[in-house]
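A.B. asks: Sequence:
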Amino acid sequence: MPTPCVRAAPPVPYAGHIIAAMSGETFDHLLAHLPHHPPMRLVEHVVEVIPGRLARATRIAHPDDWYFDGHFPSNPVVPAIALVELLAQTGGLAIAPAEDSGLSALRLASLNDFKFPSAARPGVLLQATAEIVGRLGGLFKITGTVTADGTVVATGNLTLADLGPQQSAETRSR
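Note that this note's numbering has the sequence shown beginning at 1, numbered continuously upward.
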């Protein structure tokens with residue numbers, strides 16, 4: 001399992017600001033809020049989390065990643081939906097509280113205004129930044145950007161839905 005990234009000098013620290021490079025245990029705790037497992041867990045490193053506000057996470061687009069097998073073999077590009085999924089998982093980390101507060105399984109509920117101004121190729125460092133810009137009950141509106149070696153490759157808005165404890169337990173038992 002990869003180790004989390006270390007951020008040398010965080011911006012002005014304040015209460016609740018987590019730099020998720022503390023230990024593998026902290027990293028695992030944050031990832032436990034995501035319902036994904038490899039190979040669908042696209043987040044490899046948690047860079048920063050401000051619970052209830054913002055998260056940054058990274059992934060290397062490994063040349064042997066499963067999605068490159070067919071997208072496109074002679075000219076491999078990270079699929080747009082994989083970029084959206086990386087951003088959604090990063091948004092889930094932003095929603096996840098510093099301490100367990102009863103949030104359960106999150107699911108993607110909607111996508112809006114996504115643009116893909118450039119392509120991400122094998123070997124690049126993908127960094128997703130997700131900011132919570134609204135909440136209504138169990139719905140969380142996220143705005144964000146994914147960069148590939150610093151170049152914007154995806155930007156848009158998505159909504160994540162908290163399924164609630166009962167529905168999430170039923171989903172897990174299937």
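To be clear, the hints were calculated from the coordinates, so they are not data collected in a lab.
There could be a bad hint or two in this list.
[Said to hold, decoys possible] Computed Cβ-Cβ distance ranges for the label pairs, DEER-style: (1) Pro73 to Gly137: 41 to 51 Å; (2) Arg53 to Asp113: 12 to 22 Å; (3) Arg107 to Arg53: 19 to 29 Å; (4) Gly52 to Arg107: 16 to 26 Å; (5) His62 to Thr151: 10 to 20 Å; (6) Asn157 to His37: 36 to 46 Å; (7) Val133 to Asp69: 33 to 43 Å; (8) Gly134 to Asp69: 31 to 41 Å; (9) Arg53 to Ala161: 16 to 26 Å.
Glycine included, C-beta positions come from ideal geometry on N, C-alpha and C.
A.B. asks: So which hints don't hold here, by number, going up?
C.D. replies: 6
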